[in-house]
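Trainee: Residues per chain, in single letters:
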Amino acid sequence: LAKTTQPISMDSYEGQEVNITCSHNNIATNDYITWYQQFPSQGPRFIIQGYKTKVTNEVASLFIPADRKSSTLSLPRVSLSDTAVYYCLVADNNAGNMLTFGGGTRLMVKP
Amino acid sequence: NAGVMQNPRHLVRRRGQEARLRCSPMKGHSHVYWYRQLPEEGLKFMVYLQKENIIDESGMPKERFSAEFPKEGPSILRIQQVVRGDSAAYFCASSLTTAGAPGNSPLHFGNGTRLTVT
Numbered sequence: 035l036a037k038t039t040q041p042i043s044m045d046s047y048e049g050q051e052v053n054i055t056c057s058h059n060n061i062a063t064n065d066y067i068t069w070y071q072q073f074p075s076q077g078p079r080f081i082i083q084g085y086k087t088k089v090t091n092e093v094a095s096l097f098i099p100a101d102r103k104s105s106t107l108s109l110p111r112v113s114l115s116d117t118a119v120y121y122c123l124v125a126d127n128n129a130g131n132m133l134t135f136g137g138g139t140r141l142m143v144k145p
Numbered sequence: 089n090a091g092v093m094q095n096p097r098h099l100v101r102r103r104g105q106e107a108r109l110r111c112s113p114m115k116g117h118s119h120v121y122w123y124r125q126l127p128e129e130g131l132k133f134m135v136y137l138q139k140e141n142i143i144d145e146s147g148m149p150k151e152r153f154s155a156e157f158p159k160e161g162p163s164i165l166r167i168q169q170v171v172r173g174d175s176a177a178y179f180c181a182s183s184l185t186t187a188g189a190p191g192n193s194p195l196h197f198g199n200g201t202r203l204t205v206t
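Heads up: the sequence lines are chains A and B, in that order. Using my numbering, the final residue of the first sequence is 145, and nothing's skipped along the way. Using my numbering, the final residue of the second sequence is 206, and nothing's skipped along the way.
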């Protein structure tokens with residue numbers, strides 16, 4: 035199984051760009067990298083997904099280097115409402131499609 | 089288009105009772121996943137089901153826990169003879185295709201059932 039490692043927590047201020055890096059050293063060839071956001075008392079919500087290089091949507095960007103052993107979620111100009119836990123997820127097609135969540139990164143955005 | 093619906097939102101059971109958690113996937117989704125989350129921890133995979141089939145239950149305890157996804161109706165996670173250690177948030181997710189496959193669709197989560205065992 036492709037295990038992921040993320041920082042446990044990060045602090046930021048409103049208006050700043052936040053970059054959260056996830057390590058996945060044993061990612062498999064067919065694995066995709068997906069990031070989810072979770073607010074208290076809610077289920078995780080899909081943010082972005084990618085396979086290689088760079089992916090951008092209206093919410094975030096995802097940077098994946100050529101070796102794919104890590105990925106970086108970039109949140110531009112964060113606001114207080116971006117305070118949440120962010121999970122990096124590496125899809126594993128060789129284990130019954132069991133998706134493995136890492137410990138997540140608790141982002142605190144301060145005014 | 090309604091999202092993933094879980095009920096009840098909160099469930100209180102005494103030790104030894106049974107807990108039944110329900111999950112209705114998004115319309116058109118035939119893949120259902122159950123996860124458990126303890127306070128201040130990440131989500132732990134429990135079981136993956138397709139209509140009428142359990143595909144992977146490797147994350148589910150062998151005893152007291154069972155899951156089903158019948159042809160008609162919601163998916164059910166059943167916990168028999170609950171103990172205090174079963175207290176947690178249980179999340180259901182659904183997807184349109186097999187999550188993780190190339191070109192896959194992401195998981196859509198419900199807002200969970202918070203089980204408290206007294």
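Worth flagging that the hints you see were computed from the coordinates, not collected in a lab. Certain hints may be false.
Dumping the calculated EDC-like pairs for lysine to aspartate or glutamate here, alpha-carbon to alpha-carbon at most 20 Å [to be verified]:
(1) B:132 / A:65
(2) A:37 / B:129
(3) A:37 / B:140
(4) B:115 / B:140
(5) A:144 / A:48
(6) B:159 / B:144
(7) B:139 / B:156
(8) B:132 / B:160
Trainee: Run every hint past the structure and note whether it holds.
Mentor: Hint-by-hint comparison with the structure:
Pair hint residue 132 of chain B plus residue 65 of chain A holds up; C-alpha atoms about 19 Å apart against a cutoff of 20 Å. For the hint pairing residue 37 of chain A with residue 129 of chain B, the CA-to-CA distance comes to about 16 Å; that is within 20 Å, so the pair holds. For the proposed pair residue 37 of chain A and residue 140 of chain B, the alpha carbon gap of about 30 Å is over 20 Å, so the pair is violated. Between residue 115 of chain B and residue 140 of chain B the CA atoms are separated by roughly 17 Å; this keeps the pair inside 20 Å, and the hint holds.
With a C-alpha separation of about 6 Å, the suggested pair residue 144 of chain A and residue 48 of chain A falls inside the 20 Å cut-off, and the hint holds. Using a Cα cut-off of 20 Å, the hinted pair residue 159 of chain B and residue 144 of chain B holds, with the two alpha carbons roughly 18 Å apart. A distance of roughly 9 Å separates the Cα atoms of residue 139 of chain B and residue 156 of chain B; the hinted pair therefore holds under the 20 Å criterion. In summary, the hint linking residue 132 of chain B to residue 160 of chain B is not supported, as the alpha carbons are separated by about 27 Å, beyond the 20 Å threshold.
The structure fails hints 3, 8 (numbered hints given earlier, in ascending order).
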